[in-house]
Each structure stands twice: as structure tokens, then as C-alpha cells.
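**Student:** Protein chains in written order, with our numbering: chain C, 1 to 278; chain R, 1001 to 1249.
Restricting the straight-line Cα-Cα distance to at most 20 Å, the calculated cross-link-like pairs of lysine to any residue (SDA-like) are:
{"no.": "1", "chain 1": "R", "residue 1": "Lys1125", "chain 2": "C", "residue 2": "Leu144"}
{"no.": "2", "chain 1": "R", "residue 1": "Lys1166", "chain 2": "R", "residue 2": "Arg1191"}
{"no.": "3", "chain 1": "C", "residue 1": "Lys265", "chain 2": "R", "residue 2": "Glu1097"}
{"no.": "4", "chain 1": "C", "residue 1": "Lys265", "chain 2": "R", "residue 2": "Ile1143"}
Covered by chain C, according to a simulated footprint, are these stretches of chain R (three or more residues, beta-carbon under 8 Å):
{"no.": "5", "stretch": "1078-1084"}
{"no.": "6", "stretch": "1090-1101"}
{"no.": "7", "stretch": "1114-1123"}
Selected chain C positions facing chain R (in silico; Cβ < 10 Å):
{"no.": "8", "residue": "Arg143"}
{"no.": "9", "residue": "Leu144"}
{"no.": "10", "residue": "Trp145"}
{"no.": "11", "residue": "Asp153"}
{"no.": "12", "residue": "Val161"}
{"no.": "13", "residue": "Lys265"}
Hint data in this document are derived by calculation from the structure and do not stem from the laboratory. Please read these numbers as outputs of a predicted model, since none were measured by experiment. Built from N, CA and C at the ideal position, the CB exists for glycine as well.
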Amino acid sequence: MSTYYAGLFADIGILFLGAMSVYIILATGQLSLGNAGFMGIGAYLASYLTVEWHWPLTAALIVAALAAALIGVIVGFPALRLKGIYLAIATLGFGEMVRSFLLNFDRMGGSGGFHGMKHVSLETIWLWAGGIFVLIVLLERSRLWLEMRAVHDDEIAANLVGLNTTATKVGAFGFGAAVAAVSGGLFAHHYVYIEPANFGFERSIDFVLAVILGGSTVGPGALIGAGLLVLLPEWLRVLADWRLAAFGVLLVLVLLTRRQGILDKPLLNRLTFRGMRA
Amino acid sequence: MTVLALNGVGKRFGGIQALTDVSLAVPEGRIVGVIGPNGAGKTTLFNVITGAYRASTGDVLLAGSDITQWPSHRIMRSGIARTFQNIRLFASMTVWEHLLVAQPRTGGLWRSVLPIGWTDAEARKRAEDALVFFGLERYRNVIARTLPYGIQRKVEMARALTAQPKLLLLDEPVAGMNAEEADDLRALFHRLNERGLSILLIEHDMPFVMSLCHHLYVLNFGVLIGEGTPEVVRNDPVVLDAYLGTEAA
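Bound conformation, chain R alone (with noise of 0.2 Å):
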């Protein structure tokens, strides 16, 4: 089955056409790269599928239904969840507060103006759950823009699992990151993936992207010039020429 599949996008801001005739697809379970060099497109590529910029042109559909114009607190609802390229969490908040603000409600609004302590249990199950998986309970009542970068990136990963997503949408995972956390985060996106979770991520980091992903798309000028296998990518000689340099081969 298809988690998510975009058909035929097109994005332009004025002038500027950002995507064109765009059309990709993550399988279920799989783990699907999107490169290309800076300005190609990447993140306008997920900001179209997250609903925070409208596709101009094409379709956008989860799990076959079609959500482009769905506004974007109701595409995460359903089962998209991202994480940022600079990494946005609240400034306010603790790490545990993290962990259960992007939950599904359950229950309607009753149960959500009651405090969390007297009715959610699941709730708090799930991020108690969500501090194991990622090592963080030693964090717990800290506040999470005052941790260490790697900690926060695992924080904004945790919090978007919370969400119980179909689909994962990591932008750039690694950025800024040593070799070590870069291992370390491979490994968890490892994982989560055996848990059946399907990830789309734009990374800049080949050796990272390779290693991981299933399937990659290249993308240039808001272009797809290249899709497959990482070994395949690897020697297309339109994407070594456009993205990876000769070098690279």
C-alpha cells in the first residue's frame, strides 16, 4: 500500500516556479529520501504535502485520500507528523509537556479541559513510552530548549511520534550533528522503522541518506531528475552531474 503519493505537484510564488510536475510515492514501511542541492525545492516539497503552502498544481494524497487542500492541523491529525529543519519546540515547555501536546485527543473537549492526571492515562502511557524509546527520561521535567541540540532533535522526533503518524517527515535529521549522534539516529530511524512507521526525509548528508533509505528521488530546480534505489542514484550520471560532482562517483 501507498502511505503517501503525490501526483503531478506544481508550486509557484509568483515568478518563481519552486515545483514542477512533481510526483512521488512512500510505500508502506519503507524509507524514502528526497536530495538535491539547496534551492532545489525540499522543503517546499514538505511544506506542500504538510498544507503549509497550497500546490498549485497536482494532487497530494494519504493513504488515498486526497488532502491537498486540506488545512495543515488536519493533514497532521491524520497521520503526518514532521520534524523542522531548525528546530522548533516550545519555548515554554518541558520535555514531558512535549511528549503529550501533539497527542490525538481523545475523549472530545470534556476530557481535554480536565487536567491530563485525572483522565489520560493512555496519554501519559504514550509518553512515558515515547521517553523510553528515545533515552530521555533522565529529561523529563527539564525544559527542552535548554538541552543540548542532539537532545532537542530527539525531542521534536518524539514529540512528532506521539502523534501516532502513518507517516514521518524528518527535514534534514542531521544537520548539525557529529558522526556519533548521526550513528545514533540512524540506528532509531532503524527502529522505528521495523515498527512499521514509514519515513520521507530530506537530508543533505550522502553517507547518511544512503545508508538508510529504501528509495531516494533527486530533485533539482524543483525538478525530479533521478529516482531509485541508493545504488541506482549513485550512478545516474544526470544526477552525479546535477547534484553529487563526479567527485562523488
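Only chain C is shown next, with the shape it has when bound in the complex (with noise of 0.2 Å):
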């Protein structure tokens, strides 16, 4: 493989896990615009351990991803008291916090930027984000992700059939800051160079674009969304300058069309042919 082509598989799959983590809490009925500031301190705490105490990527990624987890449990407790769109503009300025830190974080480089990290290879990338998948594809036929469906249906409903609705949704934010960690440190490893600039809002608004383009109710959703947000503007150089525009076109016409994202259950189920079984 090229290594353009290479360079951009290597960004769909870290894109792919970044849609994910946005999945994540969206099935429980949140949306977080604050998820690249998970990303942050997952690509930071990862390099910092490979980089500084020569631990291995794997295990830098675990501690990283547990340690935003435990962040994003405890940011998931006082989001609980907001809804919609308070909630969206409060993990904004999560994610907006987190960059400013990392800015006045002299250890780390601040504004300059944090280097020496390992080139990570590609199918490294996609094991971690394939492995992910596997896990969400397997939790999305469990009880507990009925549970987060039942939350994001209606909240005052699945409390009143005996669901804890406060850990649901706290852990749902735990989990979906892991997996956004991950893509936090791949990117890292990728790129062996991170500043705080790489963990702003616009990225935070590619991982939920990621998601919605692609389908927000199926998890292959995302690895669609994720795929045509970095291929299409790819595919549209012959445009030119215009290629943005025209990519932003493309976007609303989907949009326009499929309501739902590209991939919906019913077409997910024809696809699989579980609908023909059902």
C-alpha cells in the first residue's frame, strides 16, 4: 500500500474510534461535543508514558484509557443535571478546558507541541479499532446496551422499570472517554508529534459528524461516517479550491436525504440478511 493511502487509512481508523466514542454516549441519549478533550489527555498521558518511562503502547494506552474513563465519570455526574443542547455546550467547554491545560502545560511542551514518540504502524491502528468494534457490536445485543437504549428513549420510563439510569449514563461517559483516549494515543503514535491544537472543537465536531453522517443508531454507522469524511474531501481535489465547498454540499444533501445517517438498522438488517431471517 501507498504510503497516501496508508496515511489515510491510518486517519479513518483513528477518526473511526473517535466516531465511536461519540456512539458511545449518543446511545444513551447525550451528546458530547467535548470528546477531543478526551482525546487529549489520552494522546498526552499515552505519550508521556511511552516517551518519558518507555512503557510499552499497549499498556500506555490501557492506563491512558482508564485514566480518561475515570475523567469522564467524573464529568458524567454533574452533566447529568443538563439535557440536550446545555449539555452539549457544557462538554464544548470540557474539551475546550482541557486544550487550554495542555496549552499552559510546560511539562508537556505547551504550545510547542510534545515529540519523540514511536511511529505506530497502520495495522496497529486497526486492530485497536477493529477490536473496539467487535466489543461494541457484541454490547449492542446485551442487556446493558438495552438498558442505555431504554435511557435514551425515555429516561423517566426506564427509571421507573427499576434501571439505574444515573450510572447508565455516567458509565456510558466513561466508556465512550476510553475508547476516545485510545484514538487520543494512536493519533499520537501516527503523527509522533501532538499539540494542544490537534484537540480542539473542530475535532470534537468530526467525531460527531462522523456519527451522524454515517448513521447514529447502528455501530458500522460510524466507520462509514468516518471513512467518507476523510475520503471525500480526498476524492474531490479535482475540484480544486472548491473542494471543500462541494464536500460541505455533499454533506447537506446526505443529510437532507437520510435523516437518520447512511446506515439505519433496517438497511443494516439487509444488508447482514438478519431482517430475511427475522
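Grab the two chains, each in its own frame, and use the hints to assemble them into the complex.
**Tutor:** Structure below.
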């Protein structure tokens, strides 16, 4: 595979992980616009562990994921009081807070960024992305996911059929944050240089956009969305300066024709023949 | 044994006293009804029992345990299940999924993160039983919200029962139903009761309540104004005056 395509597929894998982190939180009906913050935490912590403490990448990613999960749970608790757009704005604030912190955190390079990581292979990125995707696909068939959907559909009813909606929502934040951190750790070791600007608001929007575009009700939607978000601007290069405008138009058109995103349950069932068996 | 007991329960919303010193009991294996005009505080009573509202005064006891300050999900897990005045089904779920989601978790968190098909044979069996009991087999894979109203009511009740409650709270279960559907439900409640389930219901349909309940409480402006068997309540002059009206007598 050419370096060009390897780079694109690495970007897709990293964005896919970020999109999955949003998808998990969205499954409980909460929209997070701050997942780039968790990604940044994962990127900086994993990089610190591999560069300064010479940890193997796998161990560094796991620790970074656990640390981000803990922070996700801590962020998740005050977020319980907020819903809809208010929650989205609060998470956005969290993401910007992390970016500002990193900007002033001289121990990790501050605005100058941090480097010294060893380049990670494309296979490793996709091993993580594929592994987490399989986990989510299995989780989607579990009791826990049913409970998450119940909270998404009607939180009051969920509570009154005996579900602990607080634990479900906070847990989803923790899990989503962990996945975003893995995305960040892999990003850092793919580009071997990170700076706070890598984990700004636009990155969070990319994650959300990938989920909304690909389909927010099924796991594979995140993959379709991530693939399109990375590849479409490349395919449109023939349009030179107009390519991003054309990309925007295409996005709007897709969402106008398929509000639920490209992939939804009926389409996924048809593709996987599950609909025929049911 | 008493499944549910309320002792002097009061609920105040700002300047409005919605419930005042309400004491009632649901003995094991009985069907108890709460009747009263609109705004009498019946749904508030249910919300206090289920922890959706906190009682301002008094205690709520479930099988002897004081549940007054418990969070809703803990109360529901401890043996109370409810249906809602306005049906509350989960928009994205099939009938089958509704019958799985409210079941008590067994085997801890690990079991709940694995696919249901791999681990939870017991839960699937329970859901299958509920499907058959309520005659919902043919709707198994249908999104529950797309079904006719009467069927949705059954799905909601089936969901409540899969939680394996000691006590079922029914908030106007036959509202909006025709006589045939109401008869169908009455027969269903009798069958559930014969299995040992205790039921507490709120209902406006007087013939339905009178023919179903063993014992009735009458609520008016948040105060209990009468109680007894349907026969006693039917002839209680205070109740007649406040609610049933002289025509009913």
C-alpha cells in the first residue's frame, strides 16, 4: 500500500475510534461535543508513558484509557443535570478546558507540542479500532445496551422500570472517554508529534459528524462516516479550491435525504440478511 | 402479610397540599383500587409510592421495609412494577426487547455486557413466558410503539411483569379501551392475581373497578374519605356525595 493510502487509512481508523466514542455516549441520548478533550488526555498521557517511562504502547494506551474513563465519569456526574443543547455546550466547555490546560502545561511542551514517540503501524491502529468495534457490536446485543437504549428513549420510564439511569449515563461517559483516549494515543503515535491545537473543538465536531453522517443508531455507521469524512475531500481534489465547498454541499445533501444517516437498522439488516431471518 | 403499607403519607407542592395523611394497605394476593375524581391525588400517590416524588410526611413500607427515601430504580427492583396513565414504551424497541429490558439482572455486570443470546437463557425464558401469557407472540419483532393502543397496553404490562414484582401498580389500565378490551384485561388481571400477584390500581371506569377489586379506597382533594369492599363504598353516603353522585346509587 502506498504511503498516501496508508496515511488515509490511519486517519480513518483514528476518526473511527473517535466517532465510536461519541456513538457510545449518544446511545444513552447524550450528545458530547467534548470528546476531543478525552482524546487529548489519551494522546498526552500515552505519549508521556511511552517517551518518558519507556512503556510499551499497549500498556500506555490501556492506562490512558482508564485515566480518561475516570475523568469521563467525573465529568459525567455534573453533566447529569443537563440535557440536550445545554449538555452539548457543557461538554464543549470541557474540551476547550483540556485544550487550554495542555497549552499551558509546560511539562509536556505547552504550545510547542510534544514529540519523541515511535511511529505506530497501520495494522496496530486497525487492530485497536477493529477490537473496540467488535466489543461494541457484542455490547449492542447485551442487556447493558438495552438499558442504554431505554435511557435514550425515555429516561423517566427507564428509571421506573428499575434501571439505574445515573449509573448508565455516567458509565457511558466513562466508556466513551476511554475509547476517545485510545484514539488520541494512536493519533499521537501515528503523527509522532502532538500539540494542543490537535484536540480542539473542530476535532470533536468531526467525531459527531462522522456518527451523524454514517448513521447514529448502528455501530457500523461510525465506520461509514469516518471513511467518508476522510476520503470525500480527497476524492474531490479534482475540484481544487472548491473541494471543501463541494464536500459541504454533499454533506448537506446526504443529511437532507437520509436524516438518520447513511446506515440505519433496516438497511443494516438487509445488508447482513438479518431482516430475512426475522 | 401486607405487601404495601402507607402510613400518614402527605405530599406538598409549594402551597398545594396534594396528599394529606393517607394511610392504606395492600394485603398479599389482593386487588386494591384507589378511586377519586380528577385531581384527587391518585397519580401523585403512585408517584410517591414509586419514588418519583418524595413524601413530605409519613412512611411507605414495602413488605415491611421503609422505602420512603429510596431512589425509584431501587424501589422498582425491590418488588414494585408499574404501568403509566399515558403508555410509556421505549420508542426504538421491539416487543421482545421490552420483555428483556426490565428483568432483574442476574450474574452481575459481566453477564450484562455479554450478548443476551449467549448467557441469559433464564431471562429469555421469562420473556418467552410473558409473550405467551399476554398473547403477544405474533408481535415479537415489531417495534412496540407502532402497535394498536390495546396491544401497547399489554406490552407495557408484560414489561412490568417481567421485572418479577410482588406488587403491580396500574395507572388507569383501561383508559381509552372499549368494553371488549376492558373485559379482556379484567380476565388477565384475575389470572395474574390467581398466580399470587398483588395489584394496586387507579381507575375511572367504575364498573371495571367494582367488578375487579377486593378492596377500595376513595380519595378526594388528597384526603381519604372512604374505604371498604366495593359494596360498602358503593353505599357510603360520603363517597356518593363526593364522587359517585346520587345517580350511581
